[in-house]
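K.L.:
Heads up: the sequence lines are chains A and B, in that order. Counting from 1, one number per residue, gives the positions in the first sequence under the UniProt record's numbering. Counting from 1, one number per residue, gives the positions in the second sequence under the UniProt record's numbering.
Treat each hint with caution, since some may be false.
[Stated by the list, open to error] The calculated DSBU-like cross-link candidates involving lysine-lysine, where the alpha carbons are at most 35 angstroms apart (straight line), are:
(1) A:Lys161 x B:Lys158
(2) A:Lys23 x B:Lys58
(3) A:Lys96 x B:Lys205
(4) B:Lys125 x A:Lys190
(5) A:Lys190 x B:Lys205
[As the list claims (entries may be wrong)] Okay, the calculated beta carbon distance ranges per label pair:
(6) B:Arg53 x A:Gly21: 24 to 34 angstroms
(7) B:Lys58 x A:Thr15: 21 to 31 angstroms
(8) B:Glu257 x A:Gly178: 47 to 57 angstroms
(9) A:Lys9 x B:Asp183: 32 to 42 angstroms
(10) A:Thr15 x B:Gln79: 41 to 51 angstroms
(11) B:Glu4 x A:Val32: 46 to 56 angstroms
(12) A:Gly177 x B:Lys337: 13 to 23 angstroms
Simulated from the structure, these hints should not be mistaken for lab results. These numbers were taken from a predicted model, which means no experiment stands behind them. Where is the CB? At the ideal position from N, CA and C, for every residue including glycine.
Take a look at the letters that make up each chain.
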Amino acid sequence: MYYPEPISKLVDSFTKLPGIGPKTAVRLAFFVLNMKEDDVLDFAKNLANAKRELTHCSVCGHITDKDPCRICEDQERDGTVICVVQDPKDVIAMEKMKDYQGKYHVLHGAISPMDGIGPEDINVPSLIERLKDEEVEELILATNPNVEGEATAMYISRLVKPSGIKISRIAHGLPVGGDLEYADEVTLSKALEGRRDL
Amino acid sequence: MYIEEIQLTNYRNYDHFSVSFDQSINVIIGENAQGKTNMMEAIYVLAFTKSHRTPRDKELIKWDREYGKIEGRVFRRNQSFPLEVVFSNKGKKAKFNHVEQKRLSEYIGAINVVMFAPEDLNLVKGSPQERRKFIDMEIGQTQPIYIYHLGQYQRILKERNALLKDLQRSQEPDPTMLRVYTDQLVEHASILLERRFIFLQKLRKWAQPIHEGISRGHETLNIDYDASVNVSEDMDSEKIRLELQNHFERFESKEIERGTTLVGPHRDDLLFYVNGKNVQTFGSQGQQRTTALSLKLAEIELIYEEVGEYPILLLDDVLSELDDYRQSHLLNTIQGKVQTFVTTTSVDGIDHETISKAEIFTVHNGQLTEER
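Here chain B stands alone, though its shape is the one from the complex:
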């Protein structure tokens, strides 16, 4: 799939602006603070209806304007579809093929996007929350129903935690209501865990050979799921459900004492190992970067496997950070099959035939111009 064109209205530092893109590589060159990342963000928002940089949608609207709009056309399954995301002080609206999609889970997946930005190093060395966000976003992209279960889970978790706080303070806690929430929590948690395990097996399958390629055969990558409950990848959802149920029963009084839900998918983590050593704590900067890159490239293949088309790749300010070997490995992998957007302050030092054939845009003060 690829994005044919994009139109921005009152978006960040763009006033009113439209541009058509090349099917393969698009390079966006510009000084700092001219709008390169804003352009990448716009494509990301068109895919997910929210930014990767901020949870506040208001920031996407140009200063002192009433609303902000991103429109685009995506070409997928041999057809071209219009997309639209509008932000205003009344909230946001997302339209696919001119029809408003009331549920977020129905819109997401209209375009599949994989972004690689400098902050993605946090995927390896950041907090567990970053890695949970990564799994949830990636599964959600190809399975809308996962987003529904995740939303329900989070809602029930909030209610359950509020109840646990009440029970903690009460003299004779009545656990009936707690058990209702436990049942509901377990129902959604087991679905989330089962889907995460399936995703992980696929991710591993793709990430391992990619990592070996980037490291010229020197490094072997392994990924483990660090669960807060005693569950493992070989269990089916029924077994997972039973294990969770047992766990919550056994720790009921402890949870009341602590006043919060102690285990569940919201407490889990991913562990990355290179040659048997944990990269998060013992890996070098280079190994961490290679791991992050392998995961992102694996994601591309994974989406192809699930959706049947390659996603759109956004490389925000990362190409210049990679050494020559990793750079060309990356460009070789995507060549000719993945529509890619690259931002950089200059193309000097990026010496590759892919770049020499690319469509070059320069951005200056919220205006993008095509160079060739």
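Chain A extracted, bound-state conformation:
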């Protein structure tokens, strides 16, 4: 290596982040060298704390600093509806909408035998347990509209159907504010498939 060891170690650490290649890592490492010491210490502390203090909620699997998480504890929210998502980031996206008043269940992934991920490797068993214990009336399956997400949704629906809980799948099709003429054929045909009565 051409760099003194502390820098090359820092560069190595940055390369572990997603979307950061060797060049960007070097740029970030040298930027850190020019930062104020307080800022650097703060940065390091925040990094460590985020990892140390955040855990996954034992009820819904969302990231949280206290267990159960704020959403699960919130008495104002409707506990009879659970929205199932793949990722904690999906919860944040849903929350930004400020329109959904139910609770969540985070799977942390989707079923994919090709990648060796089965139902037990994601939070499916905990969802099934939860449905036994809590008074749930509706399950909204909001996994991604690709092969893995679709298969995961269909799998959960097969497991839960016999219990009589209402199961719905989020719609996919045209983006709001978009023009019909600019939609691609696949999206259009999906939108047509999911049309509803007026």
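Put chain B on the given structure of chain A with help from the hints.
P.N.:
This is chain B only, laid out in the frame that chain A set:
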């Protein structure tokens, strides 16, 4: 439709190069290894964003260059559109009318191309995979949504096969997840099959009279779909779906035992018959070549029927391989309506008024020059 001009940058053995083409016949003459087929391939890539010769896009970039680019202008529906396909180590980008098309299925179909090359004899005597590729490519050219369903199908198939392998090894296999994949597989498979059947009926309609013409009325061509499941062309997609569903239910334990998906559009084949005999196994070399030629010429008419314009025809090193009668039959069919690119080592022996009126280019070491 026709290609007005093409521009190659760092593509195969072309450094930087642009050329305008004639609306009807363009003959490219050159010794071996000078870049004739590369030129044909470039037009093919501009249509499909991938080569007919290699699955590795990297090979299209000139040696030791960072990127390779093909630009062209196509004239269709009374307008001229720019097209662009760029390859680099970051992948490829395709632009239609200056706008990048994120999905392959949105770009393909911008130009329709039919290629006839010596290796197309494999369409008749090669493996079933070649014939499946033929159907999929041809339907995809005119129906982008077919490419989407095919992609989904292949993805689900991979997941399903991986799961079947797991179940094969397990003591008490739980079929719940398998049934999810079966449902998804059946959904796409029935759409693929229905579209393949419709395509086949059209192909037959065009290929039969063409074949009869080329063989001077001596031969009758028939094409059958050899399905791995008990489905037939008279079924609609709902019936096909039910049949597939039943089949998968009945053979579930067998599939687990074998650890793979045993039937479906990925296992199907086409059968060609001449005068009632299977050409693939019993046909002469000449009959096989006539069959391949009939299919390609039928494709031209089929695309015209679907798109409303004739596609571009690429004849790579095949004209000299045909006898005089087939040669002139071919040239008569395309005369005046299909923009055609012909490569050959020399025009001697190709005696036809179409060729004498054609635009002639010579290619030497990655440089193309217009002769007249």
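K.L.:
Decide, hint by hint, whether the structure agrees.
P.N.:
Taking the hints in turn, this is what the structure says about them:
| no. | hint | result |
| --- | --- | --- |
| 1 | A:Lys161 x B:Lys158 | holds (27 angstroms) |
| 2 | A:Lys23 x B:Lys58 | holds (24 angstroms) |
| 3 | A:Lys96 x B:Lys205 | violated (57 angstroms) |
| 4 | B:Lys125 x A:Lys190 | violated (39 angstroms) |
| 5 | A:Lys190 x B:Lys205 | holds (32 angstroms) |
| 6 | B:Arg53 x A:Gly21: 24 to 34 angstroms | holds (32 angstroms) |
| 7 | B:Lys58 x A:Thr15: 21 to 31 angstroms | holds (25 angstroms) |
| 8 | B:Glu257 x A:Gly178: 47 to 57 angstroms | holds (48 angstroms) |
| 9 | A:Lys9 x B:Asp183: 32 to 42 angstroms | violated (51 angstroms) |
| 10 | A:Thr15 x B:Gln79: 41 to 51 angstroms | holds (49 angstroms) |
| 11 | B:Glu4 x A:Val32: 46 to 56 angstroms | holds (54 angstroms) |
| 12 | A:Gly177 x B:Lys337: 13 to 23 angstroms | violated (44 angstroms) |
Hint compliance for this structure: hints 3, 4, 9 and 12 are not met, and every other hint is.
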